Amino acid sequence: MTVQDLANVLKKDIDHIFKALEFADKNSDTEYKRDTVIHNPQIVREVVKISGCRFKLVARPDELNEEEENKDAVPAPPAPESALRPRPPVVCVMGHVDHGKTTLLDALRDTAVVEQEFGGITQHIGAFEVKLKSGETVTFLDTPGHAAFSAMRARGACATDVVVLVVAADDGVMEQTVESIRMAREANVPILVAINKIDKAGVNIERTLSALSQHGVVCEELGGEVQAVRLSALHRLHLDTLVEALTLQAHLMDLRADPGGYVEGVVIEAQVDPRLGKQATVLVQRGTLRKGCVLVAGAAWAKVRMLQCGAGSVVQEAGPARPVSVLGWRDLPAAGDAVLEVSSEKRANEVMRWRHSQRMKEKQEEDLEVISAKEAEHRAQYRARLAHKRALGRLRLKPEGPRQKQIQEDTHPTLSVVVKGDVDGSVEAILDILETYDDHERVRLDLVHYGVGHVTPNDIEIARAFNAVIYAFNVECPVAVSAEARRCAVSVSSHNVIYRLVDDIKHQISARIPKRQEEEFIGEASVLQQFVVSEGKRRVQVAGCRCVRGALARHALYRVTRNGQVVYEGKLASMKHLKDEVTTIKRDMECGLRFETEFEVQAGDTITCYKMVDVDDHTDWDPGF
0 MTVQDLANVL
10 KKDIDHIFKA
20 LEFADKNSDT
30 EYKRDTVIHN
40 PQIVREVVKI
50 SGCRFKLVAR
60 PDELNEEEEN
70 KDAVPAPPAP
80 ESALRPRPPV
90 VCVMGHVDHG
100 KTTLLDALRD
110 TAVVEQEFGG
120 ITQHIGAFEV
130 KLKSGETVTF
140 LDTPGHAAFS
150 AMRARGACAT
160 DVVVLVVAAD
170 DGVMEQTVES
180 IRMAREANVP
190 ILVAINKIDK
200 AGVNIERTLS
210 ALSQHGVVCE
220 ELGGEVQAVR
230 LSALHRLHLD
240 TLVEALTLQA
250 HLMDLRADPG
260 GYVEGVVIEA
270 QVDPRLGKQA
280 TVLVQRGTLR
290 KGCVLVAGAA
300 WAKVRMLQCG
310 AGSVVQEAGP
320 ARPVSVLGWR
330 DLPAAGDAVL
340 EVSSEKRANE
350 VMRWRHSQRM
360 KEKQEEDLEV
370 ISAKEAEHRA
380 QYRARLAHKR
390 ALGRLRLKPE
400 GPRQKQIQED
410 THPTLSVVVK
420 GDVDGSVEAI
430 LDILETYDDH
440 ERVRLDLVHY
450 GVGHVTPNDI
460 EIARAFNAVI
470 YAFNVECPVA
480 VSAEARRCAV
490 SVSSHNVIYR
500 LVDDIKHQIS
510 ARIPKRQEEE
520 FIGEASVLQQ
530 FVVSEGKRRV
540 QVAGCRCVRG
550 ALARHALYRV
560 TRNGQVVYEG
570 KLASMKHLKD
580 EVTTIKRDME
590 CGLRFETEFE
600 VQAGDTITCY
610 KMVDVDDHTD
620 WDPGF
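Going by numbering that gives the first Met the number 0, the sequence shown opens with residue 0, and the numbers climb by one from there.
Keep in mind the hints are simulated off the structure, nothing from the lab.
Being a predicted model, the structure only gives us computed values, none of them experimental.
Treat the hints loosely; a few may be bogus.
Stated by the list, open to error - Derived DEER-like restraints, expressed as beta-carbon distance ranges:
no., residue 1, residue 2, range
1, R382, T582, 16 to 24 Å
2, E220, S133, 23 to 31 Å
3, S312, T410, 53 to 61 Å
4, G603, T582, 20 to 28 Å
5, A550, T410, 47 to 55 Å
Think of the CB as a built atom: it goes at the ideal place given N, C-alpha and C, for glycine as much as any other residue.
Take the sequences, apply the hints, and build the full model.
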């Protein structure tokens with residue numbers, strides 16, 4: 000290493016290194032410079048000791064870092080053809096909000112889930128199995144159609160074999176319909192169109208088919224390859240036709256998977272149950288999941304304690320294409336995380352340590368980029384200030400007088416929020432909405448904490464520290480925690496429908512926007528002529544006027560316009576009717592007005608009387624729905 004390298008490693012001045020080398024290499028005549036290479040490790044060791052540091056010799060550390068062993072868990076190679084077995088299809092039901100997706104699934108499994116959804120809107124992915132009359136099993140994913148849940152729909156499209164695109168015959172193709180088509184294409188998943196609500200009067204199915212073709216979904220009736228089924232989910236019309244179409248599509252795709260080996264899957268949803276603890280809905284894609292399996296998913300791992308099917312009953316195992324609720328997680332995984340089985344808890348901990356170290360490295364790199372950008376910005380500002388001082392011809396080492404307070408208090412209006420949700424996907428959707436906020440110049444929106452589960456005393460402490468509002472979505476606030484919130488003057492806002500939660504946030508933001516001043520019209524006068532009158536020893540100009548609209552107020556503000564141009568704005572020094580000083584002039588009355596700043600008025604000038612009033616302002620933030 001060179002002398003400069005040694006100085007950098009020890010974080011010492013170069014002159015200190017030169018002095019240390021004089022003691023460490025007394026018997027040598029070497030003349031050390033910054034770029035001189037020190038070949039003798041003993042000399043380096045002595046310099047390190049003199050500098051008060053410890054010495055550790057590592058051979059080629061750069062190459063060692065590059066060759067660091069990857070200890071992450073990875074999916075197994077594709078299974079041999081002989082190990083593959085037929086599996087049920089995974090069908091994702093997608094479409095615009097309120098087009099009947101959940102009602103269709105209710106009809107297929109003969110339940111009433113839609114009545115349990117707040118506002119009739121699906122607000123997280125539901126994964127469940129439906130046993131058809133033919134004896135075959137189909138796994139359905141019910142995705143939200145609301146605009147706020149775009150990430151959930153994308154996850155559903157990526158974990159599925161077939162997309163059933165539900166389109167209401169009365170509404171036709173809408174915004175989320177187009178988005179669902181795009182997601183299905185990106186995931187390379189075939190589409191089957193279900194035209195719902197055909198029982199309604201005045202529907203135009205041909206218009207719907209034509210609109211779909213404009214977005215690349217050409218149905219068989221128009222010469223394309225996409226199957227389209229006309230049905231009414233509410234009245235159970237033509238459901239058997241949809242089932243036949245799904246079964247045909249599944250047979251054509253020849254869906255098979257390996258039920259042996261280590262388990263692989265994907266987290267569909269994650270939540271904290273107050274009785275059962277952390278649980279995640281996992282769609283098994285390979286292998287057979289059983290009690291006792293050790294799983295890793297993102298930054299979480301689990302030893303499976305219990306498996307539950309969609310109906311809540313305990314099952315012993317789950318094969319490919321089967322969704323189950325997995326209990327036993329040490330931490331809560333994120334929706335969309337890949338699930339991989341590992342050999343033991345020791346191996347799971349090893350994977351977690353590796354992933355944590357990789358996240359730390361990524362974070363350090365991101366932080367370094369931010370720090371470098373800040374340093375460059377500060378350097379540019381410093382050089383600009385220095386150049387400005389030099390241009391003035393002098394440099395001051397210290398400011399005159401006492402030093403001003405360097406850290407100013409932040410008085411910018413701010414809304415701090417804590418978000419708690421029932422499942423990971425709901426929290427994710429809310430965070431995605433908050434990221435669209437673009438009105439920080441007027442009110443800053445800060446997310447100080449978020450999580451899955453009920454509101455806890457820790458959430459109250461965080462909210463109190465940051466003066467934040469807690470938004471609880473589909474979760475309860477226990478009685479004891481509510482009492483603590485009232486004691487700490489912390490606001491807890493609970494909602495079951497996402498757009499109402501967003502409306503609440505917008506209301507809180509608007510309440511923090513400083514009031515803006517608006518001009519309120521009082522009256523208008525027309526100048527008849529200008530007079531010059533005596534006040535003591537002074538001669539002053541007075542405008543002789545007639546009030547033509549509203550009234551004139553003595554202490555209000557005035558604007559004089561001439562030919563559309565403003566020639567004066569200000570207050571009055573005097574308002575007289577005949578010879579009396581008055582405070583108000585009503586319509587059709589004549590008066591004399593003298594302004595605080597004298598100027599010549601002309602006959603025909605328009606004088607407007609007004610006052611400035613404070614009015615509430617509202618945020619322009621549009622979250623997209």
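Hints versus structure:
1. Hint check: R382 to T582, Cβ distance near 59 Å, so the stated range 16 to 24 Å is violated.
2. Checked against the hint of 23 to 31 Å, the pair E220 and S133 passes, with Cβ atoms roughly 26 Å apart.
3. Taking 53 to 61 Å as the suggested C-beta distance range, the pair S312 and T410 conforms, at roughly 57 Å.
4. Checking the proposed 20 to 28 Å range against G603 and T582 shows it holds: the Cβ atoms sit about 26 Å from each other.
5. One distance hint, 47 to 55 Å for the beta-carbon pair A550 and T410, is violated here, with the actual separation near 39 Å.
Checked against the numbered hints given earlier, the structure breaks hints 1, 5 and satisfies all the rest.
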